[in-house]
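Chain order of the listed sequences is A and D.
Each residue of the first sequence is one higher than the one before, starting from 1 at the first, in this note's numbering.
Each residue of the second sequence is one higher than the one before, starting from 375 at the first, in this note's numbering.
Please note: incorrect hints may appear among the correct ones.
Stated by the list, open to error - Looking from chain A toward chain D, a few residues come up when the C-beta cut is under 10 Å (computed):
(1) Val101
(2) Cys103
(3) Glu149
(4) Lys325
(5) Glu331
(6) Phe360
It is worth saying that the hints were derived from the structure and are not from the lab.
Glycine included, each C-beta is placed from N, C-alpha and C at the ideal position.
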Amino acid sequence: MSKVEAILSQLKDIAANPKKAMDDYKAETGKGAVGIMPIYAPEELVHATGYLPMGIWGAQGKSISKARTYLPAFACSIMQQVMELQCEGAYDDLATVIFSVPCDTLKCLSQKWKGTSPVIVFTHPQNRGLEAANQFLVTEYELIKTQLEANLGVKITNGALENSIVVYNENRAVMREFVQVAAEYPQVIDAVSRHAVFKARQFMLKEKHTALVKELIAEVKATPAQPWDGKKVVVTGILLEPNELLDIFNEFKIAIVDDDLAQESRQIRVDVLDGQEGPLYRLAKSWQQMYGCSVATDTKKGRGKMLINKTIQTGADAIIVAMMKFCDPEEWDYPVMYREFEEKGIKSLMIEVDQEVSSFEQVKTRLQSFVEML
Amino acid sequence: MSLTQGMKAKQLLAYFQNRADQDAREAKARGDLVCWSASVAPPEFCVTMGIAMIYPETHAAGIGARKGAMDMLEVADRKGYNIDCCSYGRVNMGYMECLKETAITGVKPEVLVNSPAADVPLPDLVITCNNICNTLLKWYENLAAELDIPCIVIDVPFNHTMPIPEYAKAYIADQFRNAISQLEVICGRPFDWKKFKEVKDQTQRSVYHWNRIADMAQYKPSPLNGFDLFNYMALIVACRSLDYAEITFKAFADELEENLKAGIYAFKGAEKTRFQWEGIAVWPHLGHTFKSMKGLNSIMTGTAYPALWDLHYDANDESMHSMAEAYTRIYINTCLQNKVDVLLAIMEKGKVDGTIYHLNRSCKLMSFLNVETAEIIKEKNGLPYVSVDGDQTDPRVFSPAQFDTRVQALVEMMEANMAAAE
Ligand code: SF4
Ligand code: SF4
Numbered sequence: 001m002s003k004v005e006a007i008l009s010q011l012k013d014i015a016a017n018p019k020k021a022m023d024d025y026k027a028e029t030g031k032g033a034v035g036i037m038p039i040y041a042p043e044e045l046v047h048a049t050g051y052l053p054m055g056i057w058g059a060q061g062k063s064i065s066k067a068r069t070y071l072p073a074f075a076c077s078i079m080q081q082v083m084e085l086q087c088e089g090a091y092d093d094l095a096t097v098i099f100s101v102p103c104d105t106l107k108c109l110s111q112k113w114k115g116t117s118p119v120i121v122f123t124h125p126q127n128r129g130l131e132a133a134n135q136f137l138v139t140e141y142e143l144i145k146t147q148l149e150a151n152l153g154v155k156i157t158n159g160a161l162e163n164s165i166v167v168y169n170e171n172r173a174v175m176r177e178f179v180q181v182a183a184e185y186p187q188v189i190d191a192v193s194r195h196a197v198f199k200a201r202q203f204m205l206k207e208k209h210t211a212l213v214k215e216l217i218a219e220v221k222a223t224p225a226q227p228w229d230g231k232k233v234v235v236t237g238i239l240l241e242p243n244e245l246l247d248i249f250n251e252f253k254i255a256i257v258d259d260d261l262a263q264e265s266r267q268i269r270v271d272v273l274d275g276q277e278g279p280l281y282r283l284a285k286s287w288q289q290m291y292g293c294s295v296a297t298d299t300k301k302g303r304g305k306m307l308i309n310k311t312i313q314t315g316a317d318a319i320i321v322a323m324m325k326f327c328d329p330e331e332w333d334y335p336v337m338y339r340e341f342e343e344k345g346i347k348s349l350m351i352e353v354d355q356e357v358s359s360f361e362q363v364k365t366r367l368q369s370f371v372e373m374l
Numbered sequence: 375m376s377l378t379q380g381m382k383a384k385q386l387l388a389y390f391q392n393r394a395d396q397d398a399r400e401a402k403a404r405g406d407l408v409c410w411s412a413s414v415a416p417p418e419f420c421v422t423m424g425i426a427m428i429y430p431e432t433h434a435a436g437i438g439a440r441k442g443a444m445d446m447l448e449v450a451d452r453k454g455y456n457i458d459c460c461s462y463g464r465v466n467m468g469y470m471e472c473l474k475e476t477a478i479t480g481v482k483p484e485v486l487v488n489s490p491a492a493d494v495p496l497p498d499l500v501i502t503c504n505n506i507c508n509t510l511l512k513w514y515e516n517l518a519a520e521l522d523i524p525c526i527v528i529d530v531p532f533n534h535t536m537p538i539p540e541y542a543k544a545y546i547a548d549q550f551r552n553a554i555s556q557l558e559v560i561c562g563r564p565f566d567w568k569k570f571k572e573v574k575d576q577t578q579r580s581v582y583h584w585n586r587i588a589d590m591a592q593y594k595p596s597p598l599n600g601f602d603l604f605n606y607m608a609l610i611v612a613c614r615s616l617d618y619a620e621i622t623f624k625a626f627a628d629e630l631e632e633n634l635k636a637g638i639y640a641f642k643g644a645e646k647t648r649f650q651w652e653g654i655a656v657w658p659h660l661g662h663t664f665k666s667m668k669g670l671n672s673i674m675t676g677t678a679y680p681a682l683w684d685l686h687y688d689a690n691d692e693s694m695h696s697m698a699e700a701y702t703r704i705y706i707n708t709c710l711q712n713k714v715d716v717l718l719a720i721m722e723k724g725k726v727d728g729t730i731y732h733l734n735r736s737c738k739l740m741s742f743l744n745v746e747t748a749e750i751i752k753e754k755n756g757l758p759y760v761s762v763d764g765d766q767t768d769p770r771v772f773s774p775a776q777f778d779t780r781v782q783a784l785v786e787m788m789e790a791n792m793a794a795a796e
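Go ahead and model the full structure; you've got the sequences and the hints to work with.
See the structure below:
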């Protein structure tokens, strides 16, 4: 096994076994884990406690039964899975869970956690251009900090938090580099591997993840990039899973040259800036800097333009919209984006992401005919 | 004034509803500004600036009630709006697209010619507020983008803990000041603070009389048929900062008080049970829902939805924290515990015997906590409840047969409880 393969296989293992990653972490450090509900939370605060932040992004192919009691069928697919897992007690080992509420579904979900872990809820301000919004968010973060300290019995010092900010900024920078490397080397980093590198990030300490990804990048870049005879796409949406779906991308030689997935690049889009202000203020400020996301209000509606720019910059052939089933924030963005793509002559395809399904024949047919048309 | 003298409340309602649309059309014709607004966004700033207001949710509800929703939904569908997006929003985006097409081509598209929709003009700006849902942020982003016009946002953060903290009020009040500066730029003239005070006072008078109407449901038998709140809602939404609302609500509340004194009740002695309606009305089937319940001699005497506009605040408070609180304390913008407390209080006041929960296909925020809310309330007051499927404007979701079966069961439970208590 080559070095590249070895690193990828390690990351794939972690991505596929979050429970094991958490148990290993506990055994190693004696500390537990904290659940992070989508889409954004100041994970640095959790990192500063020494607990492992664990992303909660649903599951694949679980058929929904217990969750039916609590959620109507028109709740988004990912939250159906999360609710099902809550009912099964899958998250009960988490020391606490942090909930942001940037969409109507999450507001409701934050009030009906069925597991046993204590839940910390906070609200992102949506009038993001204002300084008052930063001040509001600082107070929300102070409350998260206090509750984390109480729930975990740990004190979060400014020193530890500053260190966590550095760790996270470095990880984001390395991941942004990884996105470029994956675009240049689609033969080496295929769609499944690319996703695994992102997904593993949710279940590892970021410094460890950074080290592995750095090594991976160095190894990949040691050999010259080969010309790509397949197609290139930019993908957008909440997430693009599972591997069976990504296998189709590989089969038809569709390289993902950039993404705007909430689970992937939106997590690494903006850094926490250096400055004279305290760490909580700078963390809050990074929410102000966030852009191109369906749950970060933008009255200028820049997401379509951002995607068009990504497409031009990467020389992509098309944009694939991975539409999370029943996700209304994403569905509201779509018509405006679609019009903008059409106006610029950029081809796009929308596919539905339903975490409950386990058959991908239909998507396969659609992707196949789309590729033939490009 | 003379025009409305001697009118009954019902006539005033129709008159002022049309008048508000007429005001907007005239403003447009004069070249003055028109603003489209979310239903519980503060109108005080725009009204102070003399901007004519149109309320897309009310407008869409009207289209739905007049059975014209499907055409507009189809226009939205063609533009790429998924059926999962709130149907108020889809009806409005469909309508907006028709107006836009008319403005560009000079020709009214067929669907618009045939639509029963009230004729309202395109906006020059929009104002939104997420106190009832974040959908209103997405919808208004789209309006602003598609029409290339300014969008004023009043963000009232979800109150995951109660009471409402000072720092949230400070943030909202700051946005009020920011909205005022935005409007000064848009209108090209300074904000009139004296007029603002008058507009706030006016709003408070409208709210006062609105609450007087809702208060009438506490009497048993009730002089108020709760469904009337749904009918009169149009004015508390669209005209609360004008005297249109005050005049109409005062007349209605006075009529109800006189009826109470004279022993005239809504169901004329046929009131057997009383229920709470939780959620938005099913506009396209409003008549069916009302008649079914009336047929079972059950009267609605409690509903939190029209009470969203109980926007009382201290108009003299220059910090605007009191006004901020009024706009953020809306029960669906608060934690489950507070939601439950609000509903319990409404049930107690209206002396209800049970609840109908509208599981609204359009509205995630007003649906996804229904199970928990119902369970906790049942545990507290022991009253029965049923859930019915519906949608406030998409006529396809509601099933009259399902509704009738479920409410029949509810009424049986309510009557059994009453019999047991006797
Ligand atoms: S509706 Fe969309 S943004 Fe909200 S929780 Fe579901 S997937 Fe996430
Ligand atoms: S029906 Fe619900 S989602 Fe639609 S605008 Fe009203 S509160 Fe928002």
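### Phe360/A as an interface hint toward chain D, with CB separation required under 10 Å
Violated, about 21 Å.
### Task
Could you check if Cys103/A really has its C-beta closer than 10 Å to a C-beta on chain D?
At 6 Å from the nearest chain D Cβ, Cys103/A passes the 10 Å test, so the hint holds.
### Message
Quick check on the hint: Lys325/A CB to chain D CB, less than 10 Å?
### Response
It holds, given that the least Cβ distance between Lys325/A and chain D is near 8 Å, below 10 Å.
### Task
Using Cβ atoms only, decide whether Glu149/A comes closer than 10 Å to chain D, and label the hint accordingly.
Violated. Min distance 17 Å.
#### Entry: Evaluation of the interface hint that places Glu331/A against chain D, nearest CB under 10 Å
At 4 Å from the nearest chain D Cβ, Glu331/A passes the 10 Å test, so the hint holds.
### Query
When the nearest CB of chain D is found for Val101/A, is that gap smaller than 10 Å?
Holds. Min distance 5 Å.
Of the numbered hints given earlier, the model fails hints 3 and 6; all others are met.
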